[in-house]
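Build the full structure now, drawing on both the sequences and the hints.
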Amino acid sequence: MKRVEIVGQENAHNSNDVTLSSKAKYRLYPGKASINFILFLLLIGVLITALFMGRYPIDPVTVVVIVVAGILEWIGDKIAIITGVKIAFFWSIPHTWSTVMDTVVWDVRLPRAIAVILAGSGLAVSGATYQGVFRNPLVSESILGVSAGAGVGAALAILMDQGTDVIQFSAFAFGLLAVGMTFAISRVYRSNPTLVFVLAGIIVGGLFSAIISLLKFVADPYSKLPDIVFWLMGSFAKASTANFIQVIPIILIATLVIVLLRWHLNIISMGDEEARSLGMDTKRFRLVFIVCSTLLTAAAVCIGGVIGWVGLIIPHISRMLVGPDHKDMIIASILLGGSYLLAVDTVCRTLMSVEIPISIVTSILGAPIFLYLLYITKKAWS
Amino acid sequence: MMCARLEVQNATFSYDGKRNIFEDISFSVDSGDVFCILGPNGTGKSTLLRCLCNLYPLNAGNIYIDGKDISSYSPKKLAKKIGFIPQIHTPTFPYSVLQVVMMGRTPHLNMFASPSHRDREIALEALKTVNIEHIWDKPYTELSGGQMQLVLMARVLAQEPEILLLDEPTSHLDVGNQIYTIKMIRKLSQEGLALVMTSHFPDHTFLSSSKVGIMKDRKFLAMGPAEVVVTEENLQEAYGVPIKIVRIDGEIKRKIAVPVISD
Numbered sequence: 001m002k003r004v005e006i007v008g009q010e011n012a013h014n015s016n017d018v019t020l021s022s023k024a025k026y027r028l029y030p031g032k033a034s035i036n037f038i039l040f041l042l043l044i045g046v047l048i049t050a051l052f053m054g055r056y057p058i059d060p061v062t063v064v065v066i067v068v069a070g071i072l073e074w075i076g077d078k079i080a081i082i083t084g085v086k087i088a089f090f091w092s093i094p095h096t097w098s099t100v101m102d103t104v105v106w107d108v109r110l111p112r113a114i115a116v117i118l119a120g121s122g123l124a125v126s127g128a129t130y131q132g133v134f135r136n137p138l139v140s141e142s143i144l145g146v147s148a149g150a151g152v153g154a155a156l157a158i159l160m161d162q163g164t165d166v167i168q169f170s171a172f173a174f175g176l177l178a179v180g181m182t183f184a185i186s187r188v189y190r191s192n193p194t195l196v197f198v199l200a201g202i203i204v205g206g207l208f209s210a211i212i213s214l215l216k217f218v219a220d221p222y223s224k225l226p227d228i229v230f231w232l233m234g235s236f237a238k239a240s241t242a243n244f245i246q247v248i249p250i251i252l253i254a255t256l257v258i259v260l261l262r263w264h265l266n267i268i269s270m271g272d273e274e275a276r277s278l279g280m281d282t283k284r285f286r287l288v289f290i291v292c293s294t295l296l297t298a299a300a301v302c303i304g305g306v307i308g309w310v311g312l313i314i315p316h317i318s319r320m321l322v323g324p325d326h327k328d329m330i331i332a333s334i335l336l337g338g339s340y341l342l343a344v345d346t347v348c349r350t351l352m353s354v355e356i357p358i359s360i361v362t363s364i365l366g367a368p369i370f371l372y373l374l375y376i377t378k379k380a381w382s
Numbered sequence: 001m002m003c004a005r006l007e008v009q010n011a012t013f014s015y016d017g018k019r020n021i022f023e024d025i026s027f028s029v030d031s032g033d034v035f036c037i038l039g040p041n042g043t044g045k046s047t048l049l050r051c052l053c054n055l056y057p058l059n060a061g062n063i064y065i066d067g068k069d070i071s072s073y074s075p076k077k078l079a080k081k082i083g084f085i086p087q088i089h090t091p092t093f094p095y096s097v098l099q100v101v102m103m104g105r106t107p108h109l110n111m112f113a114s115p116s117h118r119d120r121e122i123a124l125e126a127l128k129t130v131n132i133e134h135i136w137d138k139p140y141t142e143l144s145g146g147q148m149q150l151v152l153m154a155r156v157l158a159q160e161p162e163i164l165l166l167d168e169p170t171s172h173l174d175v176g177n178q179i180y181t182i183k184m185i186r187k188l189s190q191e192g193l194a195l196v197m198t199s200h201f202p203d204h205t206f207l208s209s210s211k212v213g214i215m216k217d218r219k220f221l222a223m224g225p226a227e228v229v230v231t232e233e234n235l236q237e238a239y240g241v242p243i244k245i246v247r248i249d250g251e252i253k254r255k256i257a258v259p260v261i262s263d
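Going line by line, the protein sequences match chains A and B.
The letter at position 107 of the first sequence is residue 107 when you use our numbering, and the numbering goes up by one with no holes.
The letter at position 30 of the second sequence is residue 30 when you use our numbering, and the numbering goes up by one with no holes.
Warning: the hint list may mix true and false statements.
[Unchecked claim] Calculated pairs, SDA-like style, for lysine to any residue (alpha carbon to alpha carbon, straight line, at most 20 Å):
| # | chain 1 | residue 1 | chain 2 | residue 2 |
| --- | --- | --- | --- | --- |
| 1 | A | K283 | B | Y73 |
| 2 | B | K76 | A | R284 |
| 3 | A | K32 | B | R120 |
| 4 | B | K81 | A | D281 |
| 5 | A | K283 | A | G271 |
| 6 | A | K283 | B | S74 |
What the hints contain is simulated information worked out from the structure, not anything from laboratory work.
Please read all numbers here as calculations on a predicted model, not as lab measurements.
See below:
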């Protein structure tokens with residue numbers, strides 16, 4: 001480190017009034033780690049709530065006991081298989097509840113809750129990543145056309161009378177296809193990569209939205225059209241373990257990569273030239289970030305349909321809570337995205353006798369929340 | 001510290017492959033040198049500076065650092081050799097001053113790592129060096145232009161390069177901050193850094209530069225020590241207005257350049 005001392009300078013940079021003795025003085029956002037811990041507790045709290053709320057009443061304590069007993073027995077089973085020894089401790093919780101409750105918690109509510117958490121976290125973290133990479137707090141996870149593409153894929157599969165598996169795969173594949181097209185178009189121009197990406201995304205998104213309209217227009221209005229419309233409004237009602245088990249590794253790996261590289265989001269958000277002059281291979285990093293975010297969004301959309309606003313507002317709330325440093329903000333987005341979407345999904349399935357499509361609720365909540373965020377953070381964007 | 005030496009040979013650059021921004025430019029900068037590039041707006045001073053740290057690859061010619069062509073350096077290795085202070089701009093997200101300075105540690109970090117405690121100490125040290133440690137937790141986006149310039153200076157110090165490129169470091173500053181920045185540049189060159197800067201103030205070359213190049217029409221009109229190169233004739237040719245160079249003795253004891261305005 002080169003020390004440079006300017007002697008006798010008499011301007012505003014004088015620092016006589018600052019004492020540098022305590023290192024604690026330089027801790028940034030002192031509470032950020034504990035805020036993320038609180039968000040983790042919040043996620044657990046929402047999860048427990050989601051497990052006991054519903055048509056079939058189970059009290060919260062029983063829900064926790066059912067889950068703990070289930071996990072212990074599962075571990076006991078695994079140990080028994082590997083070592084051949086059955087340890088009684090793992091079966092020590094007496095089953096005081098009915099088998100229906102077991103089924104409701106383990107086969108219905110828990111898989112759905114996990115699907116919702118994965119989708120919510122995935123959407124939030126991909127929104128946060130896109131906002132960093134494109135240096136724009138107003139972009140969301142659908143900016144490169146992934147949602148519109150997925151919509152086309154799902155609508156096509158529904159038109160062709162396919163089952164849930166094929167619909168999901170088709171949505172996923174078309175989501176990636178749309179982003180691939182965005183990439184291809186953006187290659188046409190060499191300068192200002194971020195702006196070209198966003199413009200190409202708008203072009204592709206517009207094209208695929210038009211195709212969705214066309215597919216709706218030709219769909220049978222009594223059987224197929226409602227299915228397409230409902231899919232586009234998003235729902236986790238069909239989420240069962242079998243349906244989303246294939247996308248779990250995609251979501252986990254893509255999230256892990258972003259978490260590991262998250263500090264570089266700070267650098268890339270300073271602009272391409274600046275990041276490169278700081279020794280960052282922006283081309284490669286941008287590609288990795290976009291690929292991971294796209295996989296996350298496509299995976300989330302294929303489990304739960306098109307869900308708006310989560311990728312836009314969760315990163316903002318996270319930034320408000322722990323500051324703009326992606327080191328903390330990405331973690332906060334993961335935790336908060338999961339809690340938020342799970343809370344919304346729980347409302348969707350319990351509020352009325354019919355399930356409300358989830359995107360309706362995220363939009364009704366998202367618009368005023370975003371307005372509020374605009375109002376209180378306007379200073380930071382000027 | 002190793003003697004870092006920047007050698008530019010017959011550098012030619014063009015954005016579109018048709019019209020050259022500059023052509024056939026050669027110069028070298030040694031440790032302890034301050035090379036100042038003067039010239040009217042739009043002559044490609046900033047472009048040349050960006051080529052020096054490989055932000056734009058040359059169309060022809062070569063740039064060597066320590067005898068090795070810069071295109072053979074990895075981005076990380078290059079960033080350890082050469083630091084670039086861009087013109088100040090406001091980023092999207094309101095990072096704190098310390099966070100911005102810590103970004104300078106990027107080339108020293110492992111790909112999956114965040115800055116360590118030691119990186120933080122180095123960043124704090126850099127803040128102390130430019131005397132702005134008292135604003136360490138202020139949002140960078142809310143600073144004045146002068147403060148931003150100093151934060152970028154601290155960031156490049158935390159980067160610990162051997163060559164420093166500054167794009168118009170004094171442009172957005174008031175007189176006090178201009179002089180403060182010039183003193184800093186002088187001090188850094190005495191510490192053994194090689195500096196290349198662009199400037200709009202011919203006057204400042206007398207204060208800080210060991211070498212001056214005046215850029216005009218894709219080439220250096222003149223290059224050499226400030227005393228020799230910054231002359232009334234050269235400045236008039238470069239800027240198209242008459243500029244007088246006067247030596248003031250007594251307390252000031254240096255040359256100054258003043259434009260002549262005749263009605």
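These are the hints, each one checked on the structure:
1. K283/A / Y73/B: Since the Cα atoms of K283/A and Y73/B sit roughly 16 Å apart, the hinted pair holds (cutoff 20 Å).
2. K76/B / R284/A: Distance of about 13 Å is within 20 Å: holds.
3. K32/A / R120/B: Holds. K32/A to R120/B sits at ~17 Å (cutoff 20 Å).
4. K81/B / D281/A: holds, 16 Å
5. K283/A / G271/A: Answer holds: K283/A to G271/A is near 12 Å, not above 20 Å.
6. K283/A / S74/B: Satisfied, since the Cα-Cα distance of roughly 13 Å is no more than 20 Å.
Checked against the numbered hints given earlier, this structure breaks none of them.
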